[in-house]
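> Top line first, the protein sequences correspond to chains A and B. According to UniProt numbering, the first sequence is numbered sequentially starting from 1. According to UniProt numbering, the second sequence is numbered sequentially starting from 1.
SDA-like, lysine to any residue: derived pairs with alpha carbons at most 20 Å apart:
(1) A/Lys145 x B/Glu277
(2) B/Lys169 x B/Val179
(3) B/Lys195 x A/Thr107
(4) B/Lys195 x A/Glu144
(5) B/Lys195 x A/Asn127
(6) B/Lys169 x B/Pro123
(7) B/Lys195 x A/Leu109
(8) A/Lys145 x B/Lys195
(9) A/Lys119 x B/Gln186
(10) B/Lys195 x A/Met103
(11) A/Lys119 x B/Thr188
(12) A/Lys49 x A/Arg194
(13) B/Lys195 x A/Pro104
(14) B/Lys195 x A/Pro91
Label pairs and their computed distance ranges (CB to CB):
(15) A/Lys200 x B/Gly265: 51 to 57 Å
(16) A/Asn167 x B/Ser177: 20 to 26 Å
(17) B/Leu90 x A/Ala140: 49 to 55 Å
(18) B/Leu190 x A/Arg194: 34 to 40 Å
(19) A/Gly152 x B/Gln91: 50 to 56 Å
To be clear, the hints were calculated from the coordinates, so they are not data collected in a lab. For each residue, glycine too, the CB sits at the ideal point set by N, CA and C.
The residues making up each chain are set out below.
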Amino acid sequence: MANPALARSSAGVTAVTSNDPVVQVCDVCKNYRDVEALRGINLEFERGKLTTLLGPSGCGKTTLLKIIAGLVPATSGEIRVNGRAVTGPGPERAFVFQDFALMPWATVLRNVAFGLELKGVVSAERNRIARRYIEQVGLAGFEEKYPHELSGGMRQRVGIARAFAVNADVLLLDEPFSAVDEQNRRKFQEDLLRLVEQEKKTFIFVTHSIEEAVYVSDRIVLLSPRPGRISQVIDPMIDRSASPDDIRRDAGYLDVVEEIWQGLRQYAE
Amino acid sequence: MQMTVSPAKLDNGIGASKEAPATFIESVRTFADQRRSFWIVISLAILFAAWEMAGRIPISFAFPTFFETVAAFAEMVADGSMHRAYFLTLQPLLLGVVLSAVIGIALGVAMGLSDKAEWLLAPVFIVLQAAPMAALVPLVTFVYGIGLTAKTLAVIMLALPVIVLNSYKAVRHVNPSLVDMCRSFQGTRLQQIFKIIIPDASPVLFAGLRLGIAAGFIGVMLAELLITPTGIGDLITYHRSVANYAHMYAAVASIIAVSTLTLAGLQYVETHWLRPEKRRK
Chain A
1 MANPALARSS AGVTAVTSND PVVQVCDVCK NYRDVEALRG INLEFERGKL
51 TTLLGPSGCG KTTLLKIIAG LVPATSGEIR VNGRAVTGPG PERAFVFQDF
101 ALMPWATVLR NVAFGLELKG VVSAERNRIA RRYIEQVGLA GFEEKYPHEL
151 SGGMRQRVGI ARAFAVNADV LLLDEPFSAV DEQNRRKFQE DLLRLVEQEK
201 KTFIFVTHSI EEAVYVSDRI VLLSPRPGRI SQVIDPMIDR SASPDDIRRD
251 AGYLDVVEEI WQGLRQYAE
Chain B
1 MQMTVSPAKL DNGIGASKEA PATFIESVRT FADQRRSFWI VISLAILFAA
51 WEMAGRIPIS FAFPTFFETV AAFAEMVADG SMHRAYFLTL QPLLLGVVLS
101 AVIGIALGVA MGLSDKAEWL LAPVFIVLQA APMAALVPLV TFVYGIGLTA
151 KTLAVIMLAL PVIVLNSYKA VRHVNPSLVD MCRSFQGTRL QQIFKIIIPD
201 ASPVLFAGLR LGIAAGFIGV MLAELLITPT GIGDLITYHR SVANYAHMYA
251 AVASIIAVST LTLAGLQYVE THWLRPEKRR K
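For reference, chain A alone in the conformation it holds in the complex (with noise of 0.2 Å):
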């Protein structure tokens, strides 16, 4: 076990509880045809918490964050959003795609503000809220610039304005920095957790990558493959008022980083 005071983990866990959760996963199982996708999942998503799914390819995490955002149903088991059962999107969770799924035909002031266009919020409101998060992502004075016209990381963080402009207590992030190169990534990590400072929501976030799910989560739970479960959950416990290149040179952080290798290294091929 790595470094008790930094990280608490948990090991062969089959449920994740929480004190207030926003989210729970009760028993979902996930079958495509014959493939097992995922096996009794059950998690709890603490309120105002980062929690990262992650897992090598082929694990389910996206399949369970889909599952979450009422995308994919589940073979059984189900989902409960602020104690009430769901089955498909609701206005309480807000989805930040992988490739973005932005509209190429819109500036990126209607992309931003697609979420409330669809609710019918009028043009003079939806586009004052839009504005605003635009300029709290970085991207003040691209309002009317198309997503081609953005680098990788600029059409991130139009998807991430998006999420935030409908004021969903959840964002989902579906592998958001893949797609990103790696200088930007750190940048958008960094971000990412100035965002969650701020905005004070849920997030749940699914990544591959050890290091980005250390560095930005409050709990991270590690999913092992074929078929997807629970294997490990840990809380990596870093202090976050360091600097975030203190951060990535500390003892701590490193020895969780090296901590969930081990744990995963049985699954790289």
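Based on these hints, arrange chain B on the given structure of chain A.
Same frame as chain A, now just chain B:
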């Protein structure tokens, strides 16, 4: 085109250090660098020059030169026969193309959205697209006589299958991630169709429309040449029978020009109204 471009580039490279005087050639060169229309004009000029030369050789006594054809065109415009012919040809064409576009896109989108609609309709249109329509056009005359109905039907028979099948393909190739995005923000099915699926499908949808309209022109010409000698088809047939080849070619060239301009206009509509991002490079 490659030949005309490379010397200009060469000159730029050598003349870069010298003071470049703003000559006529300079201004043409900058224009050629920036404007697409310059190259369109060059392309047409080459085509017409080749035509003029082929007519002067001549490759056949039935093949007029470009200038003879232009003169014949002007004559037919002056005596009003061109107007009368277009008045007759454009009616079934417009009617047929508009009906095919509306019905075709509606059916194609329905087939793209629903498997049941696809299973029901796809075989019909695949057969229709494969069928040699020229053979079927005379049958339409048997049923509907030689009026507007028969000509309109001929246009629809040629244009509709292409538009339906392309619209269907367009909807099936919509980015699934965008549809998921719309669902995740609780978009209704109608919002999904009109705000995501149709705009995302519109490039392929419009490609289908362009092919469909081109096929519609073939349809109306077939009808006018095969069944009802009226309009432009009649103009072509008549001038051929009296060996007025310049007039015949003028009629043929004019319908090609109308078809080309229609398709260019459609592209303008697409890039200016539906997909504004395509205007910016």
